[in-house]
Amino acid sequence: MALTVRRLKVITLTIGGISVECQLASWTLDPGVQTGDYIYTYCPDGAAIGETDDQPTLAATTYAKWTAGGFEDFLWLNRGTVAQFQLDHHPNITGEHVRWTGSLMVQPAPVGGDRGDNEQTEITFQLVGPPAYSRP
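Mind the numbering: the sequence shown is residues 208 to 343 in my numbering, read in order.
Please note that the accuracy of each hint is not assured.
[To be verified] The calculated label-pair distances, taken between Cβ atoms and stated as ranges, are:
#1 T219 x T331: 39 to 49 Å
#2 Y340 x V217: 26 to 36 Å
#3 G253 x V318: 46 to 56 Å
#4 Q333 x K272: 32 to 42 Å
#5 S226 x P317: 15 to 25 Å
#6 D324 x I256: 12 to 22 Å
Just so you know, these hints were derived from the structure itself, not from any lab. Here a beta-carbon is modelled for each residue, glycine too, at the ideal position from N, C-alpha and C.
The task is simple: from the sequences and hints, build the whole structure.
Shown next as structure tokens:
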């Protein structure tokens with residue numbers, strides 16, 4: 208298999224029907240797969256791995272946009288609700304376009320920072336169940 212290197216340049220991301228990609232500085236979709244702890248016993252097998260639950264998350268850092276109907280407005284007005292998201296990675300590269308969809312818990316993001324800094328929103332959403340993966 209030949210080496211392929213891609214820069215993170217173009218994605219599309221909607222959360223609750225709001226397009227976020229033009230404000231987005233950074234993102235991470237973590238499937239949250241956990242490795243269980245070893246459990247040791249005196250039986251002949253000697254060890255087992257404990258069961259775990261996945262904890263998938265979607266982390267985003269955006270340049271804040273406090274307009275009516277903007278992303279931060281949506282987060283503060285929909286606190287505690289479940290919203291749909293869709294993330295399209297490499298949407299403009301044939302054969303590499305992948306998509307994740309799912310549900311996440313909406314929460315308001317922290318606000319503030321140092322004087323003179325570009326205002327950013329940093330938030331990590333808990334996903335409701337594992338995200339669905341596809342190649343559109």
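Item to check | Beta-carbon spacing of D324 to I256 - inside the hinted bounds 12 to 22 Å or not | outcome: Hint violated: Cβ distance 45 Å, outside 12 to 22 Å.
Next on the checklist: Tell me if the beta carbons of G253 and V318 are separated by a distance inside 46 to 56 Å.
Outcome noted: holds, 52 Å
Next on the checklist: 39 to 49 Å was suggested as the range; check whether the CB atoms of T219 and T331 agree with it.
Outcome noted: Violated, since T219 and T331 (Cβ atoms, about 20 Å apart) do not stay within the stated range.
Next on the checklist: Verify the CB-CB distance for S226 and P317 against the hinted window 15 to 25 Å.
Outcome noted: holds, 22 Å
Next on the checklist: Holds or violated: the 32 to 42 Å window for the beta-carbon distance between Q333 and K272?
Outcome noted: Hint violated: Cβ distance 23 Å, outside 32 to 42 Å.
Checklist entry - Does the hinted range 26 to 36 Å hold for Y340 and V217 at CB? => result violated, 19 Å
Going down the numbered hints, you'll see the structure goes against 1, 2, 4, 6, while the others check out.
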